[in-house]
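Take a look at the letters that make up each chain.
There are 2 protein chains.
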Amino acid sequence: METTRRVGSGVEEVKISHMGPEGSGGFEPLVVLEFTASANQAAIEWLLAKLQAPKTEGGADLLVRTLFLQHNKETMLLIGASNERLLLAAELQEVKRRHRDGFFHEFTIQDIQEFVGSDDLESFFTQAEKQKLMMKEIENIRAAELDVHIPGYEDVRLYPGKSIIKKYLSREIVVQMFPLHDEEAIKRLGNEWYQPKNFFKLQPIHKIKQYFGEKIGLYFAFLGVYTVSLIPPALIGIIYFVTSWRSVYREALFAIFNLVWSTIFLEGWKRYCSELTYMWGTIDTATAKFEEPRANYHGHLGKNAVTGKPEPVYPKWKRSARFYCVTVPVISVCLWVAFIIMLFYFWMQHWADDVYAGNKGWINLMLVYVPTAIYAVLIGILNGIYRKVAKLLNDFENHRLDSSYENHLVMKLILFDFVNCFICLFYVAFYLQDRVMLNSFLSTMLVTQQVVGQIREAMVPFLFLRRRSKQLDDALERRKVVDQQTDSEDVDPAAKKQIVVESAMDVYDGTMDDYLELFLQFGYVYLFSSAFPLAALWAFLNNITEIRSDAFKMCRVFQRPFAESASSTGAWQVAFEIIGVISVITNCALIGMDPEVQKLLPSDVTAINVVLIFVAVEHCVLAIKAAVAYFIPDTPRWVQIEMARMEYESKQALQKEKMAAANRKKALLQKAFVKPASKSTML
Amino acid sequence: METTRRVGSGVEEVKISHMGPEGSGGFEPLVVLEFTASANQAAIEWLLAKLQAPKTEGGADLLVRTLFLQHNKETMLLIGASNERLLLAAELQEVKRRHRDGFFHEFTIQDIQEFVGSDDLESFFTQAEKQKLMMKEIENIRAAELDVHIPGYEDVRLYPGKSIIKKYLSREIVVQMFPLHDEEAIKRLGNEWYQPKNFFKLQPIHKIKQYFGEKIGLYFAFLGVYTVSLIPPALIGIIYFVTSWRSVYREALFAIFNLVWSTIFLEGWKRYCSELTYMWGTIDTATAKFEEPRANYHGHLGKNAVTGKPEPVYPKWKRSARFYCVTVPVISVCLWVAFIIMLFYFWMQHWADDVYAGNKGWINLMLVYVPTAIYAVLIGILNGIYRKVAKLLNDFENHRLDSSYENHLVMKLILFDFVNCFICLFYVAFYLQDRVMLNSFLSTMLVTQQVVGQIREAMVPFLFLRRRSKQLDDALERRKVVDQQTDSEDVDPAAKKQIVVESAMDVYDGTMDDYLELFLQFGYVYLFSSAFPLAALWAFLNNITEIRSDAFKMCRVFQRPFAESASSTGAWQVAFEIIGVISVITNCALIGMDPEVQKLLPSDVTAINVVLIFVAVEHCVLAIKAAVAYFIPDTPRWVQIEMARMEYESKQALQKEKMAAANRKKALLQKAFVKPASKSTML
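In order, the protein sequences belong to chains D and S.
Note that my numbering has the first sequence beginning at 1, numbered continuously upward.
Note that my numbering has the second sequence beginning at 1, numbered continuously upward.
Isolated chain D (complex conformation):
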């Protein structure tokens, strides 16, 4: 590339050849790539060329316009695609679509008439689907053997088979890549979802899924089901709080109810989840054994053992070695640090209490609360550090599939957060065995965390909203500048404004943090339920506002995230189930340790036998829990039958097709036999 002219004009030249299939409706940008202001021109042009080059030359074959922002010298690529290109992408990515027979089948262009909605190709894919298809195509532009480095960046080495765009992103040559909001659709969705008048209505889960994809849809469905499931324990908590019924059975009954209830909730969610994913056609996607590797999975270029296609290969022993030799020791050290900090806190607290006991006064009273404050801050800092460590370790392990990458990350985060947040509760409950302290600790931590969370989640959106309207004004001023500096004339000016606004919006970090928050809350509610019966009420109140503030943020505050498909809540289901098992142990132990309860037993039972009795009870509860989980089918009967019918019918259809093909062949042969003269023309 010897030319040094402005990128835009280059685009226009290429664009013309792509105008044909696009139709007359003007260019509709769907995904935006934003370069840093200091991006090297050669790097921009190289990526641009790759985006536009045909598939056969390793490109993505997409439509691109350039937008140059005069005020900050940034270049943006607005990316669109023709319908034909999207159909091809859907076929290559083995997307499942609803077939005329009512079931989901892998889409092929060949059979497009057989799929529901194919009579109007414009609306055949939702906007979210289009953006997802395009993202995958952009991510799948991989470096060839000859691409040694990014043009203009001698130091940014490329490895064959590795995703190019991920390199641009990781080296911050491209600052961000995001899909654009659909202003019309988001307005309608928001009205239904977070408007106060719909406060007591169920969330429009299917519409959420349509706009944000299955993964976010499942998160909000889970949040909803979980919140509803908190009502019974919250009611009991209120009754306990207002009535004066004091009995030794009080806590035990509540704990037993909670153990049963948490099992029912988790089993119920699993069933509801499989209903949803069945309706969305993603229920059996998890069984796909030949998924494409993650975009930034690296390794030497080899062959996939299943498909035989070239792809990066990374030996499993290396991953195991990294896991056992790096991840495990690092995590152990981190958890050990968390434990030491907790011990340090209790030592400080002990010291402060001593000082206060000797010298009661205003300043000393304050001093008593200083250690707790320090500890709270430290936990927060540690949580932040651990999150980064978990991500680094997980990247380092180089998992091949998106799903396994995410599962491993979730497991690490869960372990860190569980230890970090709950270790002091366990210490108080079972080492110090101080019931009063446990109660105050539990209520303080839960309430503090939720108040802080509420402020962060309900107030911050307000601030964002104000900031955003200011941005809007800025953008309006800037518009003229934009218009003069760009040569993407066929892009709607309103769309350009929207692009500039959205590029300044915050990025949604994924459902990980949201789930983690629920996970910790679930732990606070169920782990020590006999110690703090009001926990469920607090959690419930928190969640009903959280749903709406989360919804508002999704619609108005964040950049639109790329839709991701999901077949279940995956590792989170396991995580919540583990909390369920641990809560059996903790609650049995708490009740068993209660001196009031121990008094109930016949006086000739020795202390050891008391313990043994409670251990036996605990084992029975665990066994019953396991049996219940085993006997309740994970999938509702109607979904099972429908899935079986789908399998059966597709098999029947296949057989019929084979039969028909054979008959055609036979008929042709017969004809050829009857009239030997026409044989050559027939076959």
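In case anyone wonders, no lab produced these hints; they're calculated from the structure.
Please note that a few of the clues may not be correct.
Said to hold, decoys possible - Partner residues are not named here, just some residues of chain D that face chain S (Cβ under 10 Å, in silico):
id, residue
1, E94
2, V313
3, K316
4, V610
5, V615
6, P636
7, R637
8, R664
Since this is a predicted model, take the numbers as computed values, not measurements.
For glycine and all other residues, C-beta sits at the position ideal for the given N, C-alpha and C.
Once you have looked at the hints, place chain S on chain D.
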């Protein structure tokens, strides 16, 4: 049917029409149906007609010869099938066969050339496969709406959709239905399998599977792997026995080793099992959701929700009602009886000990052992009764699928036998807390059971062998009579002799009892391993002889069983895993209760804390066990990859086929367009 002539002549008439496809090689009987001597002639002829009638008329379309035994007035039907009929059966039963592409696909006659071994249709199916196909076809002769009762038996009502042959068998009009041995093949197999010179060789698992089917193949594979897995604990047991190393760690170390080892063994078996079933092509048969119902599943004739085909339908709530209202109470009562009998035993023993202590003498010494003897006899009787009860309850529950019928039966048997055999051990170990008594009890029960078992399994075959040779002589004498009385002249006389001999052989009861025996043995070895380290050695010695005596029985003593397919050891895997979990609990408790071990702990630890420490250890071990089981994949990597490749390649092939079909269509249309005149002939 007004004719009263002998059945045989009727057969001959029908037979002629079936001679065509059979070829010139004479009639080869594969399956035998034996009527009782008092069977009504009309019933025999009706079944005969059903067996021969074409599929379209509800028959089985098989080849049948009649054999009338003069000496006991019994009628036998010798059943064979043409190759075409077997191919059709294989297609209807959706049998999977190895395809040219190396994978297993459902067999279709259409694509027969694509399947391995199809160039020689005679040997395309093994004899075991042929017999299995025929059995299914015979069982699938179902009563039509007009078949009210079995002809000649006004009182034997038939229900539409119910298997006719099962009714004949249950009312003992047909005494037995069995496949014939292949004398040549069984001789070769036996030589390899149980001859003393091959004592230290591995079992010929693949050949066993070929002759007896996957289910029996898996049993012997499991028995082999399990026996080998006993070597390390047996060696340690010997070392413990011969060395004088006495330490408090002794039992604890052994128990820990056993816990780890049993987990590794069970996970290892799961992986090996999936390798075997992958190679045999049955690995994913368990996922089939539209299996045919069990032959004696009953209900009103309705429609299958999946396939839409007519089949008996039985509402699920009825099954649940029967389970909760009948099965659960009956089982509870049975277990309660077992408990009462155990208490009675200890009461008797106590009384006998008292008498002996007061009055030591010969007769009183004998008296001390009387209660144990009575208890042993009672356990044996109870086991027998419970087995019958379990079967009755299971039949009553009316499960739809063979697999679920068997799983439920296995669960019931396991529960009964576990409680019956182990309840006294638990009582001694944890209620009486008498270590010496536990040790003697455990060794007595294990050794007694195995000695009795060895006598039964090693001596009885000898006796059978002698009885059988006598039968052979009888049969030889009888031969002339047989020949005179039958009109199945195209059956080889030697085969007729064989049939008579085999009809008198014992019936193999299935793998259930064999697994149950191993299950109990596994329990004796691992549940209380710290109390009796030599258990593994005893079990090992027992099993290496058991393998050979079982093999001998399979080949020489029993009637050939029908081959059954299996994708895994199913409920047994779960049962062994449950024993593994329970053994963690029992061993931790045993070690924790050991006063020697307790002395090791610092003296300032209170008794309660000792218990708590051991409970904590136990929980950790269980958690580690769960984690290990979770992280070791159930299927070896190579099998996973191969299965994924199979899925991928079949998908690719399907796509290619569709493409080709479309191209053909396009080409035809084009031609039609070019030469409009020939259009009518072309399409």
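Hint by hint, here is what the structure shows:
Proximity of E94/D to chain S holds as hinted, the smallest CB-CB distance being about 9 Å (cut-off 10 Å). At about 13 Å, the closest approach between the beta carbon of V313/D and any beta carbon in chain S exceeds 10 Å, and the interface hint on this residue is violated. Restraint check, K316/D versus chain S: the minimum CB separation of about 8 Å is within 10 Å; hint holds. Taking 10 Å as the C-beta cut-off, the interface hint given for V610/D holds, the closest approach to chain S being about 8 Å.
The interface hint given for V615/D holds, since its Cβ lies 5 Å from the closest Cβ of chain S, which is under the 10 Å cut-off. With 10 Å as the threshold, the beta carbon of P636/D stays out of range of chain S, its nearest partner Cβ sitting at about 12 Å, so the hint is violated. Taken as an interface hint, R637/D checks out: its beta carbon lies about 8 Å from the nearest beta carbon of chain S, inside 10 Å. Interface hint status for R664/D: upheld, as the beta-carbon distance to the closest one in chain S is roughly 8 Å, under 10 Å.
Hint compliance for this structure: hints 2 and 6 are not met, and every other hint is.
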